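Visitor: Each chain is listed here by its residues.
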Amino acid sequence: MSAVISTTDVCRFFGDDEETLVKAVDNVSIEIERGEFTALVGPSGSGKTTLLHLIGGLDNPTSGSVKLSGTNIAAMSGTALSDFRRDHIGFIFQAYNLIPVFSAEENIEYIMLLQGVDAVERKRRVSEILAQVGLEGLGDRRPNKLSGGQQQRVAIARAMVSRPEIILADEPTANLDSKNGIALLDLMKELNESHNMTFIFSTHDEKIMKRASRLIHMQDGKIEFDEKK
Amino acid sequence: MLLFKLAFRNIFRQRRRSLLTAMSLTGGYVLCVFSFSMSEGSYSNAISFFIQDHTGHIQIHKDDYLRKPKIHKSIEAPEDISAILDASEQIESHTLRIFAPSLAYSETDNSPAQVIGIDLDRERTTTTLAAKISEGSYINSEIDGEGYYSAMIGAGIANNLNIGLGDELILISQGADGSIANDIYIVGAIVGDRRSSDRSTVFLPLAAAQEFLSMNDEVHEVSILLKDDGRARAEAEILQDLLPDLAVDPWQEVEATFYQSMQTDKQGNVIFMGIIVFIVFVGVMNTVLMSVLERTREFGVLKAIGTRPAKLALMITLETTMLASISVLLGLVLAIPLVLWFTYAGFALPEPMDVGGILMSHITGELSLYVFAAPLFLILGFAILISIPAGIRAAFNSPTEAMRSN
Ligand SMILES: Nc1ncnc2c1ncn2[C@@H]1O[C@H](COP(=O)(O)OP(=O)(O)OP(=O)(O)O)[C@@H](O)[C@H]1O
Ligand SMILES: [Mg+2]
Chain A
106 MSAVISTTDV CRFFGDDEET LVKAVDNVSI EIERGEFTAL VGPSGSGKTT
156 LLHLIGGLDN PTSGSVKLSG TNIAAMSGTA LSDFRRDHIG FIFQAYNLIP
206 VFSAEENIEY IMLLQGVDAV ERKRRVSEIL AQVGLEGLGD RRPNKLSGGQ
256 QQRVAIARAM VSRPEIILAD EPTANLDSKN GIALLDLMKE LNESHNMTFI
306 FSTHDEKIMK RASRLIHMQD GKIEFDEKK
Chain B
96 MLLFKLAFRN IFRQRRRSLL TAMSLTGGYV LCVFSFSMSE GSYSNAISFF
146 IQDHTGHIQI HKDDYLRKPK IHKSIEAPED ISAILDASEQ IESHTLRIFA
196 PSLAYSETDN SPAQVIGIDL DRERTTTTLA AKISEGSYIN SEIDGEGYYS
246 AMIGAGIANN LNIGLGDELI LISQGADGSI ANDIYIVGAI VGDRRSSDRS
296 TVFLPLAAAQ EFLSMNDEVH EVSILLKDDG RARAEAEILQ DLLPDLAVDP
346 WQEVEATFYQ SMQTDKQGNV IFMGIIVFIV FVGVMNTVLM SVLERTREFG
396 VLKAIGTRPA KLALMITLET TMLASISVLL GLVLAIPLVL WFTYAGFALP
446 EPMDVGGILM SHITGELSLY VFAAPLFLIL GFAILISIPA GIRAAFNSPT
496 EAMRSN
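For the record, the sequence lines run as chains A and B.
Under our numbering, the first residue of the first sequence is numbered 106, with each subsequent residue one higher.
Under our numbering, the first residue of the second sequence is numbered 96, with each subsequent residue one higher.
Worth flagging that the hints you see were computed from the coordinates, not collected in a lab.
Be a bit skeptical, because a hint or two may be false.
Said to hold, decoys possible - Distance condition first, Cα-Cα at most 16 angstroms in a straight line; then the derived EDC-like pairs of lysine to aspartate or glutamate:
1) B:Lys-157 to B:Asp-175
2) B:Lys-361 to B:Glu-461
3) B:Lys-100 to A:Asp-188
4) B:Lys-168 to B:Asp-278
5) B:Lys-406 to A:Asp-188
6) B:Lys-157 to B:Asp-323
Values in this document were obtained by computation on a predicted structure and should not be read as measured data.
Bound-form chain B, shown alone (with noise of 0.2 angstroms):
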């Protein structure tokens, strides 16, 4: 109580001097708490993207399809996946799929593409397809009057290939069973523009895939979307469990080389930020140590009188934790209601930015625990390391030096 009062006291005695050091602290832990709410905005927001996108939350392949995809390594039965999904209270919905490098051809022009063969209803509630088409509408399962089924085709394919709405397409490629498979498909709908992920992919319903792939009624992904997205892992370990025979993964694994170069790049921010802090402090120490080699005398009198030495390097760590504090303090203040809005409005870049593979135009920011706690502890930290040795040069300094001193 003695030194908290002492402590605080001091911290007064300088009042201009204090009021500096709080001021770089605070602008430290704003700036802080900002960049790191950027940092983690602009990833979930590039994770929600594609979770939403396509890969959904967790995914279950046959084996190593994940890394190694090959047409035979496909999930049988995957009427029973689905209805042990339909029942997990966790799931908001799953799609399932099939994949197939093919060559597509128009009259006239030539194309490679990637088939991927959906559940058209459940692809809908599951990922954002349905509103990425540009052209046209999301197509039925349905076979046509000439016995054809439709297609949604991505931009670039239809460009390549110069077809469009209503437009044959003739796809080539192999069947599980080794034939050669080709069909004629009608263009329903086009998808996205020429710079889209999925420009070069043509998506069949589920059936018509099937037959063209000869693969009766397998399917090689199940993707799946939780209603929680914190629980992917929890959840794919509980599947796995459920489902031994086949491969579950979350997103963190599915996109393994996002994640680990978002981890990276996270780490980058913190490393960069505690150079940041580090600078401020460079500052901050240099004023902590003079303001202890301005009261050699004072400190030598106190330890004269009897203050232990430990008490007086505590009462000097105080000092610069309690300024650091109420810094702090006054950063979280005026960082709320800032990264408050920059969570809910954000700003528009002027030109996209590259996050992980995915272009961002708006930037937001992310209101969490993390974002503020921190750079809490990342200066804390650093205010009770630098008051550390003048703590330690006051408590061991002789009182017969200090007394003799100026």
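So that you can see chain A by itself, here it is in the shape it has in the complex (with noise of 0.2 angstroms):
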């Protein structure tokens, strides 16, 4: 198996002087397989947002390499990789996913509309994620209209529609009660095994971590260990 993310000696540090630089990721290197189900978890402040970030080319490295499928991200920029992130990236914030005055339908087609996919073809594929994701019947409701469970599915579907490489997910059940972010896990993880699909995600909460089968866990910017189940 050929690594889908891998990230060498990287670094992103904030701040100017000595001071006040903080290193929110230090030198981490760390290699992800194709399919793999990946949890990053460590208290507040030990990078995992920042290093997803990164992973996602959200931001920029202070230094070392971040390689997905094999594609140095940390050299792009603007246009270039905002396609890059189109095409092969999926994400799932911890809340406000979704843009207010579209329907979960029209959500989940955004990103297909930005990748040029024909009408018939993102009718289908629509629908399809739709059922996936336990949301048949509820495609035209806007998302002050779904609870937050139901929204995260939506940000689920809409992440997985552009078949992205990966799907990055910060913290997605934080803002869930612990009934509805397991189902929310329970559901990435059958994503996961039925389309092989590499997920990594960030989160504090004990029972969501064990249904992981890979735990990266962080501290102060480093990584502790790191162990496959």
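From these two lone chains plus the hints, build me the complex, please.
Guide: Structure representation (structure tokens):
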């Protein structure tokens, strides 16, 4: 198996002078294989979000490289990076993921419109994915007419529909109660297994961590230990 | 298409705010149209007033008579010019004139007077002179039993000399040959009142004036009325080619002082309107920036999932431009009946207003494409202009920063 993601000595420091310097991500080298279901865990401020943003090409590293399927995204910028994210990475955030003026369907369709997928194919994929995330019949609702758990399912659907290599989720369950959180994670796990799709998510929740096939523990921007089940 | 949909829905997201913005834009547009219509309308009125009063659309002179009138700078053989002008399809009518400063006497008083010799028949079809007669009637060019020609005199002269209809008037001037000219005329009509611009004018039949000033059949000025107001410059050029030895000028040259002050005033009006629109837009800009700041996180997500920065900027510009377009469209619906009323009815002024030296007692607007289009471009231009900084801000904002906010 080849690595979908590989970071080499990647660093992300904030602040200019010695005193204010924050080493949010400090010399991290990891390899993630296709189909892995990885949880990033660690205390608050340990660098989970920063690392996810570096891997997702939302932020540029201070040094080191980030390769996605062999492409070094640390060297990309602007429109090229934007297009790369669109085609290769799916994002799920903690909250406010969706465009409030678009219905669930339109939110899912949006990314395919950016990709230039034709109308018939878009319709087909939207109804297929809505069924997969268990939201049949709710496609024409706007986000404010959906529960938090349903909104996160739409976010998963949107992240997956563009057929990216990896899906990055930063505390996707943090705004959900534990029952809905576990249900959401079970859905992610199911999609991970059925589609052999690579997931990396961060979490604080012990119950959620247990479902991961690999746990990367972070502390002060460094990897403390990396356990595969 | 997608961007349009998104922009359109975002406008309706903050209904009250968009409504207030739209109202100020609509109001600004209507105000602008009205002001442009008023300025264009009052100038059009002033222009048609002096064109019909005496200037005509085009004038022909010898050399620089227009700037430096001298009695000897006269047009020879005006009948040849008349033949050309009478044959032209574009020309409604024309008239021939000669001018001379002179002194006018009655038995008791004297007064300076501007003598204008006019082709009586042609003047009548070219200008509104006949309509300005306040006493007596339009004279003819015949000599009475005692050998005197008739004259029409301005009300100012009648007053200064204390004379009226049927009285004798003595004029003294210098002839073209340097001789002293003097002759007696009978007052046949009084023109205007003591405030009229021709209060100090004495109108003589052309032949009488030519005789008085020893000018044979020469004239100083040919004034031409066109069928189409807009063709003065073009026709003047055509005539200039036909009459290379004479100076042909459109009214814009003849009334150069008026024309330039009108242009300056119109530019001033555009600038003034620009300032008003700018003030309206300071409020709009604030709203646009606020609505963009509020959505920082949302834009961060849009960017994170692969919306190109330029597309995001375009979306924000589109939002403002669409709102402005809707407002202007609404403004157009309101402005059209307003301008129609203003153009065809208008309103009377409590005090006459001076428009480029001409007193106007009634204000009417102008109905033209310019009146609607200029404010439209002004407002849409500003809308695009003010949304650019907001768009750029959103485009360059890093998605990580955006996601950390709020
Ligand atoms: N833009 C920034 N400027 C300065 N410091 C930053 C910035 N972003 C992150 N940091 C710092 O980097 C460190 C790592 O932050 P990060 O958000 O990655 O932690 P985290 O593990 O995601 O924490 P949490 O569990 O609370 O979400 C923190 O000390 C944070 O204060
Ligand atoms: Mg975090």
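Visitor: Against this structure, judge whether each hint is valid.
Guide: Against the structure, the hints:
This hinted pair checks out: Lys-157 of chain B and Asp-175 of chain B have alpha carbons roughly 14 angstroms apart, not beyond 16 angstroms. With a C-alpha separation of about 14 angstroms, the suggested pairing of Lys-361 of chain B with Glu-461 of chain B holds against the 16 angstroms cut-off. Distance restraint check for Lys-100 of chain B and Asp-188 of chain A: the Cα-Cα separation of roughly 21 angstroms exceeds the 16 angstroms cut-off, and the hinted pair is therefore not satisfied. For the hint pairing Lys-168 of chain B with Asp-278 of chain B, the CA-to-CA distance comes to about 23 angstroms; that exceeds 16 angstroms, so the pair is violated.
Pair hint Lys-406 of chain B plus Asp-188 of chain A holds up; C-alpha atoms about 12 angstroms apart against a cutoff of 16 angstroms. Restraint check for Lys-157 of chain B and Asp-323 of chain B: not satisfied, since their Cα atoms lie roughly 25 angstroms apart, outside the 16 angstroms limit.
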